[in-house]
Structure formats: C-alpha cells, structure tokens
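Each residue of the sequence shown is one higher than the one before, starting from 1 at the first, in the working numbering.
One or more of the hints may lead you astray.
Computed list of lysine-lysine pairs in PhoX-like fashion (alpha-carbon distance at most 25 Å, straight line) [what the hints assert, rightly or not]:
| no. | residue 1 | residue 2 |
| --- | --- | --- |
| 1 | Lys-76 | Lys-134 |
| 2 | Lys-223 | Lys-207 |
| 3 | Lys-108 | Lys-19 |
| 4 | Lys-134 | Lys-108 |
| 5 | Lys-139 | Lys-99 |
| 6 | Lys-6 | Lys-145 |
| 7 | Lys-19 | Lys-36 |
| 8 | Lys-139 | Lys-6 |
| 9 | Lys-139 | Lys-108 |
| 10 | Lys-27 | Lys-207 |
| 11 | Lys-76 | Lys-187 |
| 12 | Lys-19 | Lys-187 |
| 13 | Lys-207 | Lys-256 |
| 14 | Lys-27 | Lys-193 |
| 15 | Lys-145 | Lys-19 |
| 16 | Lys-108 | Lys-207 |
| 17 | Lys-62 | Lys-145 |
| 18 | Lys-99 | Lys-6 |
| 19 | Lys-88 | Lys-27 |
| 20 | Lys-88 | Lys-6 |
| 21 | Lys-19 | Lys-88 |
| 22 | Lys-134 | Lys-193 |
| 23 | Lys-139 | Lys-19 |
| 24 | Lys-27 | Lys-76 |
| 25 | Lys-88 | Lys-139 |
| 26 | Lys-68 | Lys-88 |
| 27 | Lys-6 | Lys-193 |
Hints in this document: simulated from the structure, not taken from any laboratory.
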Amino acid sequence: MHTVWKGAISFGLVHVPVKMFAATEDKDISMRYIHKVCGSPLSYVRTCPVCEQEVGWDDISKGYEYEKGKFVLFEKEELEQLNDEANKAITIMDFVDLKEIDPIYFQKTYYLSPDHAGANAYNLLLEAMRQTGKIGVAKISIRSKSSLAAIRVIDRCLAIETIFYPDEIRSIEKVPNLPEQINVNDKELGMAKLLIEQLSTPFEPQKYTDDYRERVLAAIQQKVAGEEVKIAPEQKQQANVVDLMAALQASIEAVKPIAPDPGEATPRKRARKTPAAKKAAETAEAEAPAVTAPKRTRGKKTKESV
C-alpha cells in the first residue's frame, strides 16, 4: 500500500511514530468524455474568459470570493505558511466512547502502522485502547486541510477516521417536510417492530454487493466483445400503500420462523406462506404498497417485497 502521510501520534508525553495508509478504495468505474464525431477523448483547458486565452499554471493563484465578482488572492507560499501540516503530529486531545460519536461525523478511514522504532509505543497505545474500550479524539492536518479525527482499534491495527467539525454538519431543521409530531397507530407500530425483529441478523458486509457496478462492468465486456447490450425493461412505479396492515402482515408471515421437523438435520428458518399470508400478499401487491422488506442473501433465505 502507498504511504499517504508520515508523522506521530502524541498523547500526554508519549510519542508514537506512525505511517498512514488509505483503508478504503473507490471502486467507481471511471469514464471519460469522448467526441462522438471522431472518438477522441476530450481535454480540459484552463481559459480566461476576459483575455480569451489559455492560462498556464505559473499564472494561476487561488482566490476567495468575498463579494460577487471580488476576490482576495493567495499565493501558494502564503497558504503553506498558514497550514499546520508541517507539524506532522496527531495530537490526541480526549478519550471518549465510540458510541458517543454519531456516524454522520465520519469521513474517511486510514490505517496506521508503527514507523521505525515506534513498535513498543504503538503496541502500548493499541492494547491500552483495546482494554479500556476508548477511542482518541485528535487533530490532524492532511493535504492542506485540518480535520478532527477519531483513533480506534481495528483487530491488530490502529485506525484513524477523519471526522467533520460540528459547524460542518447541517442542522436537521433545514430538512423540509419533517413531521412536527410523530403519531403512529399502536397496532401498526407493534407489527412493524415485530417485522424488524424477524429481519434482524448479524452484520455481514461481504454479502452486500454493488449491483450497479456489476451491471456496468458486464455491459463494458459486452461492448468490448461487440455484442449488443440488453437493457432491462422499465419497472412499473409503485403507488402509495393503501392497506399498511395487510402489507405488514404479509411481510411478517413471509419471514416467520417455523418449528423444526424432528426428521430434519437442521431446522428451517423460514415458513412457507400460509393461505392467509398468500392472500395478504396478493392484496398488498394489488394495492402496490410502498413498504418493502429488504432482500436477504444469507444461505437460502429470501425476502419478498411488501
């Protein structure tokens, strides 16, 4: 893996030299803009709309628009003087419980490995954090951007996750059409909670796949081989749910566990649909409900749309 940053973790007077590596990679399929006439890839050119000419990097500086059409300019050297990246330190300010940080704050994850003679200090910090169950809240500067960060233990490795500052999180008050009060039918709520319990399972990330990416890759291979790409027919849009209770009941019946057969080696975990469940499902499908039970891929389990 490519080293993206080198520095040290400091907590108290303890100094832990580390190297940083990206923990994730973008699997997005990159495509370029192509000129349809000749098939050539297009280039991006930096042009000045006033001078009507291409501008080289030597003639470019950065600017902040403080009023419409008015900018204050900064040269590269000025920004470097303001940047704290030269510090090369991850300073842990506090230790907190992971559950206290809402997932909305997390940005990107990096792995940290011990650098040079820092193995003993690295192992000490890792094991102390593992046994206390705490994570460290720190500050770090990466690529000219200062970030808050959370340092935590993942298996035998220290990981650091950059997190947003509080003023970078938008208030939910800006989200339109949120209900002032949440009023639900108690019976429907009970059935919804039962359905959630029936669908609950340990998190197994390996069973989730990027279906869109797989379809694009398959289409690319078809085009490379000179084959015609088959387009799936457009699915009918579902209307609003008419009978929510019928949809919930059908979903619960579809995933309800059944008693094991004494003659079976392993108990079955999903019941066949009863006539009542089939009728409820047909009713729900005819009324095009908007509530859907998510698909499950574990073993032979399946889920049906509600």
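Structure-based check of each hint:
1. Lys-76 with Lys-134: violated (39 Å)
2. Lys-223 with Lys-207: Status violated; Cα separation ~28 Å.
3. Lys-108 with Lys-19: holds (16 Å)
4. Lys-134 with Lys-108: Holds - the C-alpha atoms of Lys-108 and Lys-134 are around 19 Å apart, at most 25 Å.
5. Lys-139 with Lys-99: holds (19 Å)
6. Lys-6 with Lys-145: holds (15 Å)
7. Lys-19 with Lys-36: Not OK: Lys-19 and Lys-36 at ~45 Å, beyond 25 Å, violated.
8. Lys-139 with Lys-6: holds (14 Å)
9. Lys-139 with Lys-108: At roughly 14 Å apart (the allowed maximum being 25 Å), Lys-108 and Lys-139 satisfy the hint.
10. Lys-27 with Lys-207: holds (17 Å)
11. Lys-76 with Lys-187: Between Lys-76 and Lys-187 the Cα gap is close to 63 Å, so the pair fails against 25 Å, i.e. violated.
12. Lys-19 with Lys-187: violated (55 Å)
13. Lys-207 with Lys-256: holds (22 Å)
14. Lys-27 with Lys-193: violated (35 Å)
15. Lys-145 with Lys-19: holds (18 Å)
16. Lys-108 with Lys-207: holds (22 Å)
17. Lys-62 with Lys-145: Status holds; Cα separation ~15 Å.
18. Lys-99 with Lys-6: violated (29 Å)
19. Lys-88 with Lys-27: violated (30 Å)
20. Lys-88 with Lys-6: Holds - the C-alpha atoms of Lys-6 and Lys-88 are around 7 Å apart, at most 25 Å.
21. Lys-19 with Lys-88: Between Lys-19 and Lys-88 the Cα gap is close to 11 Å, so the pair holds against 25 Å.
22. Lys-134 with Lys-193: violated (32 Å)
23. Lys-139 with Lys-19: holds (16 Å)
24. Lys-27 with Lys-76: Violated, because 32 Å separates the two Cα atoms, which is more than 25 Å.
25. Lys-88 with Lys-139: holds (10 Å)
26. Lys-68 with Lys-88: violated (37 Å)
27. Lys-6 with Lys-193: violated (48 Å)
Checked against the numbered hints above, the structure breaks hints 1, 2, 7, 11, 12, 14, 18, 19, 22, 24, 26 and 27 and satisfies the rest.
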